[in-house]
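Undergrad: In case you want the letters, here they are:
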Amino acid sequence: MAMLEVKNLRKHFPIRSGILGRVVGWVKAVDGVDISIEENTVVALVGESGSGKTTTARCILKLHEPTSGKILFMGEDITKLKGKRLKKYRRNVQAVFQNPFLSLNPRMKVEDIVAEPLKTHTNMSKKEIIETVKDLLTKVGLPKDVLRRYPYDLSGGQAQRVAIARAIALKPKLVVLDEPTSALDVSVQAQILNLLADLKEEMKLSYLLITHDLSVVRYISDYVYVMYLGKIVEAAPTEELFTNPQHPYTQALLSAVPEPDPRLRKLKKRIILPGEPPSAINVPPGCRLHPRCPYVEERCKRGEPELIDVGGGHLVRCWRVSS
Amino acid sequence: MSSPSELGIMFRLIRRNPVSMLGLIIVVTFVIVGLIAPYILTRPEEAWGIAYNVKDRFLPPSPQHPFGTDEYGRDMFNRVLLGTRFSLMIAVGVVGLALLIGIPVGLIAGYVGGKVGTALMRVTDMFLAFPPLLLAIALAATLGRGLTNTIVALAISWWPWYARLIFVQVNSIKSLPYVDAARVMGLGSLTIMFKHILPNALTPITVQAALDMGSAILEAAGLSFLGVGVPPPTPEWGLLVSMGWQSINRAWWISFFPGLAIVITVLGFNLLADAVREAMDPRLRKALIMKGV
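Chains as they are written, first to last, in the numbering used here: chain A, 98 to 420; chain B, 61 to 353.
Worth flagging that the hints you see were computed from the coordinates, not collected in a lab.
For glycine and all other residues, C-beta sits at the position ideal for the given N, C-alpha and C.
Label pairs and their calculated CB-CB ranges:
#, chain 1, residue 1, chain 2, residue 2, range
1, A, 279, B, 178, 29 to 39 Å
2, A, 291, B, 152, 50 to 60 Å
3, B, 104, A, 209, 43 to 53 Å
4, A, 220, B, 324, 50 to 60 Å
5, B, 68, A, 174, 42 to 52 Å
6, A, 162, B, 264, 25 to 35 Å
7, A, 291, B, 232, 30 to 40 Å
8, A, 174, B, 189, 42 to 52 Å
9, A, 379, B, 189, 40 to 50 Å
10, B, 75, A, 378, 52 to 62 Å
11, B, 324, A, 209, 36 to 46 Å
12, A, 371, B, 68, 54 to 64 Å
13, B, 189, A, 369, 51 to 61 Å
The calculated DSSO-like cross-link candidates involving lysine-lysine, where the alpha carbons are at most 30 Å apart (straight line), are:
#, chain 1, residue 1, chain 2, residue 2
14, B, 255, A, 231
15, A, 206, B, 234
16, B, 175, A, 179
17, B, 255, A, 181
18, A, 270, A, 231
19, A, 231, A, 241
20, B, 234, A, 167
Based on the provided sequences and hints, a complete structural model is requested.
TA: Okay, structure coming up:
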């Protein structure tokens, strides 16, 4: 059994209107998502803005209450957890957010930020905590002189390292990385990715990587889920997905990755989907991609295809594949 | 290397700006005089208003009576000096009490939200519907004259402004990633409210409170002037102005010096509030650190 299993997860947000706050509609941000994460693996969840990837992550982090569905962690459903057992779950599942300057309390010094999870979850003495904090900072490659600094006094890369140190302080099993590098300079992105990759091996961590940056996905992840309008449309081991994408949406997404080699650039076909993604308030009937799909057929407008296993852990949600 | 503390930065900023420095000097002097006034009086009975000296009525300012004397021949310098203490008590009392009510209401309404939040803010709106000075006058008149009643009346008409300010701040801060991070860490609601949200919501209210210290003195003086504030013979500044008003044609100094004390003190708080606002602006602070100030 996988360490974390998300089963048929739905999160619908009500749209309220008028002074009485009557519910006039629903935003179906996440609409039936299944994900599983094994121990010590990196699973990526990709999709454009509004695809529901961050909402999925927030449900796993228990920042949102799911509308329906289950999230099993080590076999236990965590969607209704409270009190002590929730605290235990929190200890095992941590997060690193996109912008480190927003995810670190601007009024706390680095030493207090990194010490906070230790103070909350362990009975360590002050001395032990300070030693542990120093070890953690060394582990994430920060000099000791940042201890007494405030976040605004750090560079973006340094601040993200502090956020990573805080996330790994309790030796969690899973770390949710929500766009961990997209707020950073390109040169710093690589350093942070290398750090994350090293920490994963050293501490036997699993990552759920939420991103729209496909080069990051290819570099670090073992398995990829592609999300479109609240549903998984394709999932496969990383190399398989990048070399043999089956779903038209994945193909379009991959064709958008810039090709660094100018000789190869000409060979590459850019697939552009017409129009904007529809809003999650009015989800198109049938296959969600059909209004924009270049291969649209009559059956695509009528029914929604199932996620079909095409072998080797490669799942695709498309009528053309199932036939 | 460690980052400079907020107070340290504030002090450096104030030191660099002579106008802010003037504000700080005025406020510090005001506080010190307010604390020690009863012990440095040369004519304590006259200052407290228990002794009369009818043969020295309406003496103009002189080396012996720097601020002149009033209609009962009491030394105005001693009266104004002791008045500092009452103004300090009013400034601290009104703003402190208003913060004590306003901050929890705004914090709970903002953090809990939903029906509780709406109910709390609607109550706040009810208070805001009255012009604050009018509400204070009505309350002061109902409660009766006295220092405590004046403070209570002003605080009741002021807390809604603080509740509003905190509510708006908390509402925007509670969805910031560092609050999410605190929840993911497994911190309790109280810890999140007091350690992660409140300290970051206090910036605008600190500036407002510094400004309001001046306004509290001014409004309490207004209440005393109208006859619903502190009762005579208390040497409260507003009351002193009001007492001298009847004889302003023959003895301008009776109203003038307490009035001047009010103006200078309020000005000091305003200048200081400006400096506090600057020191708390993160962009400005960052620029200062870059410059290595």
